[in-house]
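Colleague: Okay, here's what each chain looks like letter by letter:
Number of protein chains: 2
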Amino acid sequence: MEIKIVKQILEWNEDVSDAVKATLSEKKVCLVNVMGSPGAGKTSLITDIINRLRDTLRIGVIEGDIAGAIDADKIDKMGIPVVQLQTDGACHIEAMSIQHMLSFFDLENIDVLFVENIGNLVCPAEFNIGEDFRVAILSVPEGDDKVEKYPLMFATTDALVMNKYDMLPYFEFDDKRVEQNVLDLNGKAKVFRVSTKTGEGAAEFASWLSERIAVKIKS
Amino acid sequence: MEIKIVKQILEWNEDVSDAVKATLSEKKVCLVNVMGSPGAGKTSLITDIINRLRDTLRIGVIEGDIAGAIDADKIDKMGIPVVQLQTDGACHIEAMSIQHMLSFFDLENIDVLFVENIGNLVCPAEFNIGEDFRVAILSVPEGDDKVEKYPLMFATTDALVMNKYDMLPYFEFDDKRVEQNVLDLNGKAKVFRVSTKTGEGAAEFASWLSERIAVKIKS
Chain A
1 MEIKIVKQIL EWNEDVSDAV KATLSEKKVC LVNVMGSPGA GKTSLITDII NRLRDTLRIG
61 VIEGDIAGAI DADKIDKMGI PVVQLQTDGA CHIEAMSIQH MLSFFDLENI DVLFVENIGN
121 LVCPAEFNIG EDFRVAILSV PEGDDKVEKY PLMFATTDAL VMNKYDMLPY FEFDDKRVEQ
181 NVLDLNGKAK VFRVSTKTGE GAAEFASWLS ERIAVKIKS
Chain B
220 MEIKIVKQIL EWNEDVSDAV KATLSEKKVC LVNVMGSPGA GKTSLITDII NRLRDTLRIG
280 VIEGDIAGAI DADKIDKMGI PVVQLQTDGA CHIEAMSIQH MLSFFDLENI DVLFVENIGN
340 LVCPAEFNIG EDFRVAILSV PEGDDKVEKY PLMFATTDAL VMNKYDMLPY FEFDDKRVEQ
400 NVLDLNGKAK VFRVSTKTGE GAAEFASWLS ERIAVKIKS
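Residue numbers (this note's numbering), protein chains in the order written: chain A, 1 to 219; chain B, 220 to 438.
If you're looking for bench data, these hints aren't it; they were derived computationally from the structure.
These numbers were taken from a predicted model, which means no experiment stands behind them.
Watch out, some of these pointers could steer you wrong.
[What the hints assert, rightly or not] Taking lysine to any residue pairs in the SDA-like style, the calculated list, with each CA pair at most 25 Å apart, reads:
hint	chain 1	residue 1	chain 2	residue 2
1	B	K296	B	D274
2	B	K416	A	M167
3	B	K416	A	K188
4	A	K190	A	M96
5	A	K188	B	D377
6	B	K416	A	E172
7	A	K21	A	M167
8	A	K218	A	A69
9	B	K293	A	D144
10	B	K247	B	D330
11	A	K216	A	M96
12	B	K293	B	K395
13	A	K176	B	K293
14	B	K395	A	A69
15	B	K416	A	D144
16	A	K190	B	G308
17	A	K28	A	A67
Construct the complete structure from the given sequences, taking the supplied hints into account.
Modeller: Structure representation (structure tokens):
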């Protein structure tokens, strides 16, 4: 019985996701869905990207959290348009929420909207939110078995950012195992080794990201 | 509409949770629900506890994973009865699954069953599984804002284990902030600072755990 109910919600979500895509295509806005565990570094990656790309792209952010507005406050202090979505207990963001929130942005003056999804390696991967592409973050302290344990997240992502890469000496983490696991699931995924703390690898990721965004907004 | 559906599932789950509790009370088996993010150290904490308590308690383990049996293999190699629950995509364990799985254990010869829930700070907290008490793990690399962001998990736990405590010098993590956040939500929670790698704090946690288990199995 439960499986049937979940399917109904997912089908409904797909329709709304398509509607969000259509709106954003018309406005030439690229939507990036950023996902990962609690504490993997989603906000740190987004703020790093803002600093690197804000001179060439007009950026907006939707911050998803179950409660509070800690991350939205950080983005707001950078002078970037941000809206906080509080899911009030829900473990993922649905397309319907994004559809409602688009009206809070001046889409004529936005090139890319980053959505920071709820910290969760499971449920967010099941729900399209109208995104052009997905970025999954896995941080070194989480361990190198996570792709095998949470396959859907990594099978559906366009890029994997291995974050906190500067912590590699302190944890048993075989980064080649992780890369191979991801490529086995998903040959198209691009893998990056990044530390948002030291800056290692971040320019390379930003460069890939801006190329992907350019494809959308110039189409 | 979605909220209504979730409530129906939760109510059904509560009935089954009560049935699991009744069965385990009759058999004098204590059920411990271990929760935390992917990579927080749930398996490491359980294997540490097995090593510390296996001479005085008869232990069994239910390993919950979306896919695979990596953790169950580790427990099996220790000679401990273990059953793998694969949720096949679901983000949490429900009481119905535990009810089915009890038949795989010789409950007359078990004092405590640990359930390692799916790595997720959100959904598992919403579902009682017949547990006597809950242990939530938060690891230092995840960051000190997680109690504010994922309140239900920490509001409903009996113990918080701050794991990877040996990593404190390498991360900005205010352990007193975390402790205060938890106590604000949940005055009855006991807070432990543990490193399953170095062993720091683990004996203290094991001692608390064995006292809690003894209350149940001698009742």
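Colleague: Can you name, in rising order, the numbers of the hints this structure does not satisfy?
Modeller: The structure conflicts with hints 3, 4, 5, 7, 8, 12, 17, although it agrees with all the remaining ones.
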